[in-house]
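There are 2 protein chains.
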Amino acid sequence: MKKLFLFIPVLLVGITLTAQQAIFNAQSGISPEVHSDNRVTFRLFAPNAKTVQVTGDFLPAQKSKTPYGEVDVPGVQDMTRSAAGLWEFTTARPLASELYSYSFLLDSVKISDPNNVYQIRDVGSVTSVFIIGGGQADLYKVNAVAHGTVARRWYNSMTLQKERRLTVYTPPGYESSKTNYPVLYLLHGMGGDEEAWIALGRTAQILDNLIAQGKAKPMIVVMTNGNVAQEAAPGESALGYVKPTMQLPNTMDGTMEKSFPDVMKFVEQNYRTIQQKSGRAIAGLSMGGFHSLHISKEYPDQFDYVGLFSAAIMPMNNTKSAIYENFNQKLKKQFDLKPKLYWIAIGKTDFLYKANQDFRKILDENKYPYKYFENEEGHIWKNWRIYLADFATMIF
Amino acid sequence: MKKLFLFIPVLLVGITLTAQQAIFNAQSGISPEVHSDNRVTFRLFAPNAKTVQVTGDFLPAQKSKTPYGEVDVPGVQDMTRSAAGLWEFTTARPLASELYSYSFLLDSVKISDPNNVYQIRDVGSVTSVFIIGGGQADLYKVNAVAHGTVARRWYNSMTLQKERRLTVYTPPGYESSKTNYPVLYLLHGMGGDEEAWIALGRTAQILDNLIAQGKAKPMIVVMTNGNVAQEAAPGESALGYVKPTMQLPNTMDGTMEKSFPDVMKFVEQNYRTIQQKSGRAIAGLSMGGFHSLHISKEYPDQFDYVGLFSAAIMPMNNTKSAIYENFNQKLKKQFDLKPKLYWIAIGKTDFLYKANQDFRKILDENKYPYKYFENEEGHIWKNWRIYLADFATMIF
Chain A
1 MKKLFLFIPV LLVGITLTAQ QAIFNAQSGI SPEVHSDNRV TFRLFAPNAK
51 TVQVTGDFLP AQKSKTPYGE VDVPGVQDMT RSAAGLWEFT TARPLASELY
101 SYSFLLDSVK ISDPNNVYQI RDVGSVTSVF IIGGGQADLY KVNAVAHGTV
151 ARRWYNSMTL QKERRLTVYT PPGYESSKTN YPVLYLLHGM GGDEEAWIAL
201 GRTAQILDNL IAQGKAKPMI VVMTNGNVAQ EAAPGESALG YVKPTMQLPN
251 TMDGTMEKSF PDVMKFVEQN YRTIQQKSGR AIAGLSMGGF HSLHISKEYP
301 DQFDYVGLFS AAIMPMNNTK SAIYENFNQK LKKQFDLKPK LYWIAIGKTD
351 FLYKANQDFR KILDENKYPY KYFENEEGHI WKNWRIYLAD FATMIF
Chain B
1 MKKLFLFIPV LLVGITLTAQ QAIFNAQSGI SPEVHSDNRV TFRLFAPNAK
51 TVQVTGDFLP AQKSKTPYGE VDVPGVQDMT RSAAGLWEFT TARPLASELY
101 SYSFLLDSVK ISDPNNVYQI RDVGSVTSVF IIGGGQADLY KVNAVAHGTV
151 ARRWYNSMTL QKERRLTVYT PPGYESSKTN YPVLYLLHGM GGDEEAWIAL
201 GRTAQILDNL IAQGKAKPMI VVMTNGNVAQ EAAPGESALG YVKPTMQLPN
251 TMDGTMEKSF PDVMKFVEQN YRTIQQKSGR AIAGLSMGGF HSLHISKEYP
301 DQFDYVGLFS AAIMPMNNTK SAIYENFNQK LKKQFDLKPK LYWIAIGKTD
351 FLYKANQDFR KILDENKYPY KYFENEEGHI WKNWRIYLAD FATMIF
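First to last, the sequence lines map onto chains A and B.
To convert, note that position 371 of the first sequence is 371 in this note's numbering; the numbers rise steadily by one, no gaps.
To convert, note that position 169 of the second sequence is 169 in this note's numbering; the numbers rise steadily by one, no gaps.
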């Protein structure tokens, strides 16, 4: 036998150099390096660069002036070059527990960290990510707990006359039990799609961890695509590898709300669900909060739990959809049916803060019961992960 | 109502600037741009760079000398700077239909294309990708056909005493039918994991398209993790965001083969499968071809279809596993049971070419029937996608 075959070292060399291009492509250095005290070092080997900077949400935000006022943008930090051409920056202090995003600016070109394979797409941009544990972000880690299943499936929307894609989380034990489970419908914001919550929102990790801790009930989470013009996320439909865009038609004209029962029908026909109001929750961020508000009041007998995360509450006077007509009457009907939880969460610096406070006034004036949660910062995924982790413990 | 709310333009500005960081991060230019004649233009806005190059498998490979002989590495092409600082390169000729990978070299730093959100990880490196249609790669595209479901699930390996992750493709109609389906077990190579075939191998697209064309039978495809030291792909286990490594312990010491029945048991208990030899196929690339060879001969009554794609056939004299003992006797038993298809596929320049020819001699000498397919090039995903697409049409 011996003469017939090659040996493992040769296999490794062959694969390394020619095939999977792994070690061949690697840059020098480890980056990011999370030290034992949670300080973090970023590294980029770039001997020919004049400047290398790191930018990301681990740095204090900077103010940037726009025609609409000052807005927060991620800070930028110079890195330091060694004689050999390795650029480095180490945070002065330990970072708080969080899932962080960052990029390098290599002679002003924004790039992902070539040493870090972990990246997440947010609409049309991709950034490198890392997690600092020891606090809130332990919920965002894959831990040694039972794991649910994450499936990408296609359903038929009769209303939209389209096959459409969605992401479904089923909790640990779903497949091996005969139990019926409650369902959380979880909606993304403008520019997002059915990949947003599972990737940026760490839905599967948050649910796995909260369920393992006994803090959340085992539940199915259905992450839809709220862009009715799309069949699926960029790259996942017959449109091919198109450039993702922030704004798509018909996202806030009532069509999403009108076609939503197609999703519910699919889910209830294809999963073992609790098919009553007490077994359904709906929540969403920004535009998804807007959708959750309108879907829950349009179908007032369907959802006992409603979560508005940084919701894009705004007037719909210029649209013709029946969805937005008779707002006050529909809201009254929804609250007459006494939802078990109507939850509004927003950050203090969110540009939608005032709109949410104004909406609270309507609820207060009408004595509609709701819960309110307010925290620091604004319209960012950091907050939406917190809101999901909180909301999930309060439902079902 | 009106006074209570903000307006959509403000929402858009707010989201654009502060939240989802989409347009804010975008670089100038569209890249890659696939022209109507399938020439391709790459662009990078880098006014401060001295050199920008593009490298990838769309360029002719270059020879590189190593201690083990010459190997092919991707070609490198200079890009041209415009006055404004936009670097460009357009291919002289239309590109053949393929899924291509590429990177930029920005003053010698290898980076992904910041304008292209589509990237695939291969072991420890991430590259930008694009697809040229009109030929073979039409099978790799998401087309307007019925789509199967792709699920990431965890199973218990009794043998390994671990919860482990795998990727399962179920064909269109699986959920709504009561039919039992055949199963293809599809194994990755060294450094790969349960994400390799679905991402680099375009398994879901190939199966969706072949099934829609009536060229492949509807089947379940199970993509395992062949690294028994791992629970899951990098980033998907409690190890966290570790740097992927090419070589892991116990991948070729018989443990994978010994524990494989745990996977089969899980699949047959959790999916509607055809639980007989004629309903099972096993195939793999490189190390996964090695595993397929040994698993299929170790359990000779289990698989009627065996596919060895660029298989890493090699002697196992230095390992103590019973899996590799009595090779000839086991192989005889396997062929005595007359598998319906034993398929060997390899590229002419693959570094495992000779090992595969030597293995064929054993089969020939013993008059064991098999089919053989040989094509151009070597140990690359381009070939493994072709082999999967061919193999899938020949089974069940």
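Treat the hints as calculated values from the structure; they're not laboratory data.
Quick reminder that beta carbons are idealized off the backbone N, C-alpha and C, glycines included.
It is possible that part of the hints are untrue.
Just so you have them, the derived chain B footprint on chain A, three or more residues with Cβ under 8 Å [claimed, not checked]: (1) 124 to 138; (2) 234 to 247; (3) 294 to 308; (4) 382 to 391.
To spell it out: a stretch of chain B is covered by chain A in this simulated footprint if at least three of its residues, at any positions, have a beta carbon under 8 Å from a beta carbon of chain A; those stretches are [claimed, not checked]: (5) 41 to 49; (6) 147 to 161; (7) 211 to 223; (8) 364 to 371.
Hint-by-hint comparison with the structure:
Counting residues of the region 124 to 138 of chain A whose beta carbon lies closer than 8 Å to any beta carbon of chain B gives 8, which reaches the threshold of three, so the coverage claim holds. Check result for the region 234 to 247 of chain A against chain B: holds, 11 residues qualifying (beta carbon to beta carbon below 8 Å, three or more required). Coverage of the region 294 to 308 of chain A by chain B is violated [criterion: at least 3 residues with CB-CB distance below 8 Å; count 0]. Using a Cβ-Cβ cut-off of 8 Å, 0 residues of the region 382 to 391 of chain A lie near chain B, which falls short of the minimum of three, so the contact claim is violated.
Coverage of the region 41 to 49 of chain B by chain A holds. Counting CB-CB distances below 8 Å, 6 residues qualify, and the rule asks for three or more. Beta-carbon proximity to chain A at under 8 Å applies to 7 residues in the region 147 to 161 of chain B; the threshold of 3 is reached and the given coverage holds. Only residues whose C-beta sits within less than 8 Å of a C-beta in chain A count toward coverage, and the region 211 to 223 of chain B has 0 of them, not enough to reach three; the restraint is violated. Chain A is given as covering the region 364 to 371 of chain B, and this is violated because 0 residues of the stretch bring a CB closer than 8 Å to a CB of that chain, at least three being needed.
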